[in-house]
Amino acid sequence: MTRHPLSLLGAVAALTLLPAPAHAHLVTTGLGPLYDGISHLFLSFEDLLPVVALALLAGLNGPKAGRLALFVVPAAWLLGGLAGFAVGSPLLPGTVTAASFLLLGGLTAADRRLPSGGVTALAAALGLLHGWLNGAGIAEAGREALGLVGIVSAVFVVVALLAAFVVWLRPPWTRIAVRVAGSWIAAIGLLLLGWGLRGAS
Amino acid sequence: MIRDRAPRPSAEAVLALLLLLAAVPVYAHEQSGQAAGFLTGLKHPVSGLDHVLAMISVGLWGAQLGAPAMWLLPVVFPMVMAFGGFLGLLGVPLPGTEIGIAVSAILLGLMVALEARPPVWVAASLVGFFGVFHGYAHGTELPAGENALLYSVGFVIATGCLHAVGIGIGLAHRWTMGRVALRIAGAVIALAGVYFLWGAVS
Chain E
1 MTRHPLSLLG AVAALTLLPA PAHAHLVTTG LGPLYDGISH LFLSFEDLLP VVALALLAGL
61 NGPKAGRLAL FVVPAAWLLG GLAGFAVGSP LLPGTVTAAS FLLLGGLTAA DRRLPSGGVT
121 ALAAALGLLH GWLNGAGIAE AGREALGLVG IVSAVFVVVA LLAAFVVWLR PPWTRIAVRV
181 AGSWIAAIGL LLLGWGLRGA S
Chain X
1 MIRDRAPRPS AEAVLALLLL LAAVPVYAHE QSGQAAGFLT GLKHPVSGLD HVLAMISVGL
61 WGAQLGAPAM WLLPVVFPMV MAFGGFLGLL GVPLPGTEIG IAVSAILLGL MVALEARPPV
121 WVAASLVGFF GVFHGYAHGT ELPAGENALL YSVGFVIATG CLHAVGIGIG LAHRWTMGRV
181 ALRIAGAVIA LAGVYFLWGA VS
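Those protein sequence lines, which keep their order, are chains E and X.
Per this note's numbering, the very first residue in the first sequence carries number 1; after that it's consecutive.
Per this note's numbering, the very first residue in the second sequence carries number 1; after that it's consecutive.
If you are wondering where the hints come from, they were derived from the structure by calculation, not from laboratory data.
Each hint should be verified, as a subset may be incorrect.
Stated by the list, open to error - A short, non-exhaustive set of chain X residues, derived as facing chain E with CB atoms under 10 angstroms:
hint: 1; residue: Ala67
hint: 2; residue: Pro68
hint: 3; residue: Trp71
hint: 4; residue: Leu72
hint: 5; residue: Pro74
hint: 6; residue: Pro78
hint: 7; residue: Met79
hint: 8; residue: Val80
hint: 9; residue: Ala148
hint: 10; residue: Tyr151
hint: 11; residue: Val156
hint: 12; residue: Ile157
hint: 13; residue: Thr159
hint: 14; residue: Gly160
hint: 15; residue: His163
hint: 16; residue: Ala164
To be verified - Sample of chain X residues with no beta-carbon within 12 angstroms of chain E, all distances over it, derived:
hint: 17; residue: Gly100
hint: 18; residue: Leu114
hint: 19; residue: Pro119
hint: 20; residue: Thr176
hint: 21; residue: Tyr195
Stated by the list, open to error - Listed next, with one range per pair, are the computed distances between beta-carbon atoms:
hint: 22; chain 1: X; residue 1: Met177; chain 2: E; residue 2: Ala121; range: 48 to 58 angstroms
hint: 23; chain 1: X; residue 1: Phe129; chain 2: E; residue 2: Ser89; range: 41 to 51 angstroms
hint: 24; chain 1: X; residue 1: Leu49; chain 2: E; residue 2: Lys64; range: 43 to 53 angstroms
hint: 25; chain 1: X; residue 1: Arg174; chain 2: E; residue 2: Arg170; range: 16 to 26 angstroms
hint: 26; chain 1: X; residue 1: Pro119; chain 2: E; residue 2: Ser153; range: 45 to 55 angstroms
hint: 27; chain 1: E; residue 1: Phe165; chain 2: X; residue 2: Gly168; range: 20 to 30 angstroms
Quick reminder that beta carbons are idealized off the backbone N, C-alpha and C, glycines included.
Chain E with its partners taken away, still in its complex shape (with noise of 0.2 angstroms):
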């Protein structure tokens, strides 16, 4: 029996267009990378609540720490996103994450004045190590590398608003309300990181 040539190209044609499973947490909004990347931000609490918790500890440490951090967080972000995209891998467990948990929303509910180096410090190694994780997954799904812009935008939005507002508090009491917003995230790690060591997620 003779095969035609077509039908094993149609066999081969079948198998690349077998829908793989994708596990990626990237969001696709239809409305191109850069907005996926500005809904990541909002729907991934891995990446959001550590952003949040360095807002919150910039805002309390001062005009001046908030200022540092807005620019420092994105551009160390951007930095780390293009080169875990470059690497193409994450090379870190996921559950390093929850490092960022603890430390900043410790830091946060503690209420320690820091030196303004010490957290642009903090925000240059949020923006690296996070953005590190967005660049690898982002090329790992074979996604273009401007979703990382709309991250970036997100990110700088956050910390501009939450800072500026921490920034502005002036009742004892608020400090108080922003340093028990710390204490939740750095629970919320505390667990995030039992639950990776577990391997439950």
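Go by the hints and put chain X onto chain E.
Frame of chain E; chain X shown alone:
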């Protein structure tokens, strides 16, 4: 006898047809169990009366103690409770968890009923100690298929809101009748704790 036979489809063609018909689930961009995980976490602390009464009594006692304890306890408690959940997730044994929860309702209720005013560090230590039991028992019960992070978010938010309810009710401490009402509420919580303890040891 020679018959006219229809051409047989090739094996590749059959395979191609079957592959095209194969329905493989696509998980891309789908985040299953997200809302369910958050809602389960949110509901969990309010689904057990023992947990609810203990959380509210923390807020009541904090309101009686006034600043800084009123604000310190809600800052400390979520982290200590999460530490209890962390121990549970790691599988570290904590014997007598249900008894610890019942005793927490008794002691915290008594503190409110007696309007006890120990040093802040004693109050924080007492609340923190029992927070470990609550976190251990309640922080680790994630139903299969639900998102662990969002379960944790819901759980911590609900617990914090219970504290806020307690503090809100505790603001009645400003008035004489309110002070009496709070002490009665504390006694009721302690009695409920005795009931929980009875159930835990029987």
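*Can we keep the Pro74/X interface hint, with Cβ of chain E closer than 10 angstroms?*
holds, 5 angstroms
*Against chain E, run the beta carbon of Ala164/X and see if the smallest gap drops under 10 angstroms.*
holds, 9 angstroms
_Minimum Cβ-Cβ distance from Gly100/X to chain E exceeds 12 angstroms_ = Gly100/X is indeed farther than 12 angstroms from all Cβ atoms of chain E, at 19 angstroms.
*Against chain E, does Thr176/X keep a CB gap of more than 12 angstroms to every residue?*
Non-interface label on Thr176/X holds, nearest chain E Cβ at 24 angstroms vs cutoff 12 angstroms.
*asked:* Interface hint check: Ala148/X, Cβ to nearest Cβ on chain E, cutoff 10 angstroms. Holds or violated?
replied: Nearest chain E Cβ about 4 angstroms off; hint holds.
_Quick check on Gly160/X please, does its C-beta sit within 10 angstroms of some C-beta on chain E?_
holds, 6 angstroms
*May I ask you to test the hint 45 to 55 angstroms on the CB atoms belonging to Pro119/X and Ser153/E?*
holds, 49 angstroms
_C-beta pair Met177/X, Ala121/E: status relative to the range 48 to 58 angstroms that was hinted_ = holds, 53 angstroms
*Quick one, is the Leu72/X hint okay against chain E at 10 angstroms, beta carbons?*
Cβ of Leu72/X sits 9 angstroms from chain E, so the hint holds.
*In this structure, is the beta-carbon distance linking Phe165/E and Gly168/X contained in 20 to 30 angstroms?*
holds, 23 angstroms
*That 43 to 53 angstroms hint for Leu49/X and Lys64/E (C-beta), does it hold up?*
Given about 49 angstroms between the Cβ atoms, the range holds.
*Interface hint compliance - Pro68/X to chain E, C-beta minimum distance less than 10 angstroms*: holds, 9 angstroms
Against the hints set out earlier in the document, no violation occurs for any number.
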